[in-house]
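Asks: These protein sequence lines map, in sequence, to chains A and B.
For the record, in the first sequence the residue sitting at position 84 is 87 according to this note's numbering, with numbers rising by one throughout.
For the record, in the second sequence the residue sitting at position 344 is 375 according to this note's numbering, with numbers rising by one throughout.
Check before you lean on any hint, since a few could be wrong.
Stated by the list, open to error - Computed list of lysine to any residue pairs in SDA-like fashion (alpha-carbon distance at most 25 Å, straight line):
| no. | chain 1 | residue 1 | chain 2 | residue 2 |
| --- | --- | --- | --- | --- |
| 1 | A | Lys257 | A | Cys102 |
| 2 | A | Lys140 | B | Asp89 |
| 3 | B | Lys133 | A | Trp137 |
| 4 | B | Lys139 | B | Ser115 |
| 5 | A | Lys91 | A | Phe78 |
| 6 | B | Lys106 | A | Asn76 |
| 7 | B | Lys162 | A | Tyr222 |
| 8 | B | Lys106 | B | Asn251 |
| 9 | B | Lys160 | A | Gln220 |
| 10 | B | Lys133 | A | Ser301 |
| 11 | A | Lys91 | A | Asn76 |
| 12 | B | Lys209 | B | Asn251 |
| 13 | B | Lys386 | B | Gly362 |
| 14 | B | Lys386 | B | Leu341 |
| 15 | B | Lys160 | B | Gln170 |
| 16 | A | Lys303 | A | Asn76 |
| 17 | B | Lys162 | A | Lys257 |
| 18 | B | Lys139 | A | Glu205 |
| 19 | B | Lys160 | A | Leu231 |
| 20 | B | Lys97 | B | Asn217 |
| 21 | B | Lys106 | B | Ser69 |
| 22 | B | Lys162 | A | Glu205 |
| 23 | B | Lys216 | B | Leu200 |
| 24 | B | Lys106 | A | Tyr222 |
| 25 | B | Lys106 | B | Met122 |
| 26 | B | Lys139 | A | Met69 |
| 27 | B | Lys162 | A | Phe208 |
| 28 | A | Lys140 | B | Thr88 |
| 29 | B | Lys162 | A | Trp219 |
| 30 | B | Lys386 | B | Pro308 |
| 31 | A | Lys140 | B | Thr100 |
| 32 | B | Lys106 | A | Ala133 |
| 33 | B | Lys97 | B | Gln170 |
Source of the hints: derived by calculation from the structure; they are not laboratory data.
Read off the chains here:
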Amino acid sequence: MSDPGILSATVVGADAARDALAGPRGPKPRRRFSRRNIFIYGTLIVVALYYLLPLWVMVVTSLKGMPEIRMGNIFAPPVEITFEPWVKAWAEACTGLNCDGLSRGFWNSVRITVPSVVVSIVIASVNGYALANWRFKGADMFFTILIFGAFIPYQVMLYPIVILLREMGLYGSLTGLVMVHSIFGMPILTLLFRNYFTSLPEELFKAARVDGAGFWQIYVQIMLPMSLPIFVVAMILQVTGIWNDFLFGVVYTKPDLYPMTVQLNNIVNSVQGVKEYNVNMAATLLTGLVPLVIYFVSGKLFVRGIAAGAVKG
Amino acid sequence: MDPSISIKHLDLSFGAVEVLKDLNLDVGQGEFLVLLGSSGCGKSTLLNCIAGLLDVTDGQIHIQGKNVTWEEPSKRGIGMVFQSYALYPQMTVEGNLSFGLKNAGIPKAEIAERINRAARVLQIEPLLKRKPAALSGGQRQRVAIGRALVRDVDVFLFDEPLSNLDAKLRTDLRAEIKELHHQLKNTMIYVTHDQIEAMTLADRIAIMRGGLILQLASPNEIYNTPACKYVADFIGSPSMNFLDGAVETAQAPRFTCGCGSFALDGYAFGHGPVAGPAWLGIRPEHIATGAAAEPMPIRLDARVRLVEPLGSDTLVRVAVGDQRFWVRMDGQSSIAEGDEIAIGFAPERVNLFDKHTEDRL
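Isolated chain B, as found in the complex:
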C-alpha cells in the first residue's frame, strides 16, 4: 500500500539558517508517528511544512499519493490541533467546528450531522452552545480535536496538543487520543518534547535533532537499541548512565574503564566488535542491587550518595570510585545515604557507542 504521507528530500531554510536538511520520511496508512526532540530541533517546522503553513525551500510532500507541495493547507486533506487550542474566541463551540465546513461549501444538513458525530465521539455535546472562554483547558483541547475531526480527513496533525494542560489532565487526554486513534484509524503525526507521550502513543517515533531524523523506529526499539548516544540519553528518565572507557578485542571483547574491566559476552555488536575508545551506557532500571546483583555477570561495589523516593520507585544515586550511577530500585526499599551496596548488570543490556561518532557499536 502507498504510504499515507511521503516526504522527499525536504529542505527548509530561513535565510541562512537551515532548519530541515534533505529530510525523507514515509508514514504508513493509519500509523501514529511521533516527532520527538528538544526545542529547536525542527519538529514543529516539519509539521507546519506538512500542513502547508510554511513554504518549503526544496523537496516534495505527498499526501495520499498526491503531490501537495504547492497546495493550500485546506486542500491537503489534513486536520490540525494546536498547542494553544487556537479556538476562535468570538464563536461558539458549534461555530468553531463548522467554520471550516462552511468555508468548504458543505450543505447545512451535513455540517450538522458531522458536528453531532464529532461531539458524540469527543463527549462535548453539552458544550456546543458555549464560547471557548467558558470551557476548561481539557474541554478546549477536545473542541480543537473536534475541529480536525469534522473535516473528515485522512491525516491528523498534532502540534504539542497537551503541553498547556496540567499533569493529570495530560495523562487522561493522552489515553483519549490513543483511543481515538484506535477508533478512527487515521494517520496521525504528533509533535511533542515529552518522551512519555511519545513512548505511550507512537507506533513509531522519529527522534529529531538539528533538522535531521536521528532514529525512526518503534518505541521499544528506540528504548532498547538506541542508534546513537543522543537518542540513548534523550529517552528514559532518569537518563542512561554512561561509562567512559574503551573496548578491547584482543581476546573476547572486553570493556575497560576507571571502575574496572569486564567481558562483553552476550552484547550484540552491530558490525562485529571494534576496538577503541567508547561509551558504555546502562539504564538505571537495568541495574540490579543487593542479592539480585549476585547472579549478574558484571558486579561492582557502590556507596549510596543520594536517595529520591518516588513511591512507586526509589531513585538512588550511587558512586563507584569517581563514577556516578543512577539506579532504579523498588519503591519500598529501605536504603539510606552512606550504605554500601552491590550493583550488577548483564552485558546484553548495555549499549556501546563509539567515542567520536557517538554511533552505536
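In isolation and in its complexed conformation, chain A is listed as follows:
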C-alpha cells in the first residue's frame, strides 16, 4: 500500500488480471439432475403421493353419486360432479333419532371447543407466568405434580370423573365437558407457557417491578404483548385436540349434545340401510375441515412459537 506505483497498477490491471485466472473460479457449478437430487426429490414425491392419495380418494368419492361409486374405479375423478352427498351429510343424515345431519354436531363442537380453548389457555398462561417469574414457595413441587398429571392414562380417570361430574350435577352437560377439557389441557399448556416465559429476558420483568408494576400489570402490559406466537401454538394444540376428541365427548355428554366426531362415527358406522360411501366421505371431510383451516391459517406462527417456546428448558 505504501508504494503508489503498485497501487495504481493493481487498479488499472484488475480486470485483465481477473480474466487471466486459471482453474476453478467463483461458485461451484451444480448439476440439476445429479444422482443425489433425483433420489431426494424422487423420495419426497413418492411419500407426498402416498399421503395425499387417501385424501384424493375421499374428495373424489364424496363428489360422485352412488351408481358411479358402485362401478369401482375409486381413483378415477367423478364423471358427473354432484354436491348432493355434502348437503346430505351436513343437513339430512340420520344419527339415532335426529335426522338433521352433522350440523347439530358441528355447533355442539363449537360450543365445546371455544370455551374450553379460552378457559384452558387463560388459566394455563397465568400458571406458566407465575411459575416462571414469581418463584413462590413450593413452585417446583407444584410444577412437578402438574406435569405428573400429563402421564396418567385417561382410562384411569374416566370413571372417577363420571362420578365427580354426577355429584356436581354436571354429568351429561356441555359445561361438564368444557371443564374436563380445560383441566386435561392444563399440564401440557402450563409447561408450554412456563418455558416460553422463562425464555423471555428476566431483566424485563425486573425492570417492570422497579417501575412499580404488579403481578397482573406485568402480565397484561409486558408479557402478553410479547407472547403472540406461544398463544397461537397453544390455540392450535387445543383447538385440534378438543375438536378431534372422541372419548370424552362420548362418555360425558348425551346424544343431543354429542360433538361432531361422535356424530360422524354414528353416521359412518350405522348398520341399517345402504352404506352411502359418498355421504360418509363428505361427513369425514367436513369434520376434519376445522383443524385443517386452523393449520393453514396459522402455520407460520405455529412454527415460530414452537421454535421459541417448546425447544428450550
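Given chain A, work out where chain B should sit, using these hints.
Replies: Just chain B, lined up with the frame of chain A:
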C-alpha cells in the same frame, strides 16, 4: 450527613450456597461507588438486594435513612439500568419512559414534563416516538438510563450497563455517564467486571470476591496500595508481576528471591517489617528500562522474550533467570526479541504480601 445507602450485616443464601456473607457498606450522598469483581463474586446479587429484587436472608438495607428491607422495589426511591437494556419492546421510547410514572399515578402534565427533561439531558428527543427495535445499542442504553432518570430518585443502580456495547461506544457512553453524574449529583452504584470502567468512573471502588468486600477505597489507593494479592492481581493490565521470595529483617529489611536480593529502603510497611516468606509485586509500568534503570535502587539484567507493540505503549515480556516480568515501555521503543536490557525499580513502588494470608505487609 447520613449515608445515602447503608447496608448492615447483609446475608444472602440460595439454599446451602452463601452468596453474601455479613456484608456492611455505607455509600455517601452523591457518591459514585463501583462494585468490581469477576463473575460469581456476588456483585450483581448485592445490587439486586439493594433494588429489592431479591429477598435478603438476614440484615438490613437503609436508603436515605429509611429501612427499606421489606419495601417493594418501586417504593425504595431507586432507578435501575440493566445490561440488556430491558426496554419494553412493544412500547415506544415515550411509553417506556412513562410506564413507571403512570404506575405511580403521576399526573399527565408532569409525566410529559419529566420525559422532556430527561430526553433533553440524554439527547434522545428525536427518538421518543420510536420502538426500541428501531434504536441502536447506544440509543437503547440511553433510553434505559432515561427510564431511571424520569423517576426523580436519589439512587441510581447500574448493572453492567455497558457490557453489551462495542468498545468505541462503551468509551463514549462511559464518559456520558460520568458527566451525567456530575450534572445530577445522585448517588450511583455501578456493577462491572471491567476495571477500566471502575477506575475511570468511581469515587470509591469496592472489590468483591466470594461474597465479601476485599477492599473499599478510592481508585488511586486501590491501584497503589492494594490490600491483598488478589486485588493487586485483579487491577491493572497487564497485571502486576509477582516475585516469590522472603522478607529478611536481620538488619535493614531485605527481600531475597531466585533472581537476587535487595534492600527495601523506602517501602512503607503497614505494621512494621515482618520476616517470612512473601510475594513482591511490581507493576509493569513501574519498571524502568535501559538508561532510566540506572538510577533505580534495584537493578536487574534481563533478556527480552516477547514484544507486543500497542501503539501507545509497548508491552515487553522479559526474563531474569527463570522469573518472567511484564514491562511497559514507550510505544515507539525499538526493541526486539533476544535483546539484553537492564531493568530497575524503586522499593517505594513495590507491594509486599504475606505468602500465606496474601495480605499486604
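Asks: All the hints need checking, so say for each whether the structure fits it.
Replies: Okay, the hints, checked on the actual structure:
Distance check on the hinted pair: Lys257(A) and Cys102(A) sit about 16 Å apart at the alpha-carbon level, within 25 Å; holds. Annotation: proposed proximity of Lys140(A) to Asp89(B) holds, straight-line Cα distance about 18 Å (limit 25 Å). Of the supplied pair hints, the one linking Lys133(B) and Trp137(A) holds, its CA atoms being roughly 23 Å apart against a limit of 25 Å. Note on Lys139(B) and Ser115(B): the hinted pairing is violated, with a Cα-Cα distance of about 29 Å set against a maximum of 25 Å.
Between the alpha carbons of Lys91(A) and Phe78(A) the distance comes to roughly 23 Å, so the proposed pair stays at or under 25 Å and holds. Distance restraint check for Lys106(B) and Asn76(A): the Cα-Cα separation of roughly 78 Å exceeds the 25 Å cut-off, and the hinted pair is therefore not satisfied. Between Lys162(B) and Tyr222(A) the CA atoms are separated by roughly 20 Å; this keeps the pair inside 25 Å, and the hint holds. Taking the CA atoms of Lys106(B) and Asn251(B), the gap is about 35 Å. The hint is violated against a cut of 25 Å.
Taking the CA atoms of Lys160(B) and Gln220(A), the gap is near 23 Å; set against the 25 Å cutoff, the hint holds. With a C-alpha separation of about 36 Å, the suggested pairing of Lys133(B) with Ser301(A) is violated against the 25 Å cut-off. Distance restraint check for Lys91(A) and Asn76(A): the Cα-Cα separation of roughly 23 Å lies within the 25 Å cut-off, and the hinted pair is therefore satisfied. A C-alpha spacing of about 17 Å is found between Lys209(B) and Asn251(B), which places the hinted pair at or below 25 Å, so the restraint holds.
Taking the CA atoms of Lys386(B) and Gly362(B), the gap is about 35 Å. The hint is violated against a cut of 25 Å. A C-alpha spacing of about 34 Å is found between Lys386(B) and Leu341(B), which places the hinted pair above 25 Å, so the restraint is violated. For the hint pairing Lys160(B) with Gln170(B), the CA-to-CA distance comes to about 13 Å; that is within 25 Å, so the pair holds. At most 25 Å may separate the alpha-carbon atoms for a hinted pair to count; Lys303(A) and Asn76(A) exceed this at roughly 38 Å.
Restraint check for Lys162(B) and Lys257(A): not satisfied, since their Cα atoms lie roughly 53 Å apart, outside the 25 Å limit. Among the hinted pairs, Lys139(B) with Glu205(A) is inconsistent with the structure: their alpha-carbon atoms are about 29 Å apart, more than 25 Å. For the hint pairing Lys160(B) with Leu231(A), the CA-to-CA distance comes to about 23 Å; that is within 25 Å, so the pair holds. A hinted pair counts as satisfied when its Cα atoms are at most 25 Å apart, and Lys97(B) with Asn217(B) qualifies at roughly 17 Å.
About 30 Å separates the Cα atoms of Lys106(B) and Ser69(B), which puts this hinted pair outside 25 Å; it is violated. With a CA separation close to 20 Å, the supplied pair Lys162(B) and Glu205(A) stays within the 25 Å bound. Between Lys216(B) and Leu200(B) the CA atoms are separated by roughly 23 Å; this keeps the pair inside 25 Å, and the hint holds. For the suggested pair Lys106(B) and Tyr222(A), the alpha carbons sit about 20 Å apart, so the restraint of at most 25 Å is met.
Proximity of Lys106(B) to Met122(B) is assessed by CA-CA distance (about 23 Å); at most 25 Å being required, the pair is judged to hold. Between Lys139(B) and Met69(A) the CA atoms are separated by roughly 73 Å; this puts the pair beyond 25 Å, and the hint is violated. Straight-line distance between C-alpha atoms of Lys162(B) and Phe208(A) comes to about 18 Å, which keeps the hinted pair within the 25 Å bound. Proximity of Lys140(A) to Thr88(B) is assessed by CA-CA distance (about 15 Å); at most 25 Å being required, the pair is judged to hold.
Straight-line distance between C-alpha atoms of Lys162(B) and Trp219(A) comes to about 23 Å, which keeps the hinted pair within the 25 Å bound. For the suggested pair Lys386(B) and Pro308(B), the alpha carbons sit about 5 Å apart, so the restraint of at most 25 Å is met. As the CA atoms of Lys140(A) and Thr100(B) are separated by approximately 20 Å, the hinted pair is consistent with the 25 Å bound. Annotation: proposed proximity of Lys106(B) to Ala133(A) holds, straight-line Cα distance about 22 Å (limit 25 Å).
Taking the CA atoms of Lys97(B) and Gln170(B), the gap is near 34 Å; set against the 25 Å cutoff, the hint is violated.
The earlier numbered hints that this structure contradicts are 4, 6, 8, 10, 13, 14, 16, 17, 18, 21, 26, 33.
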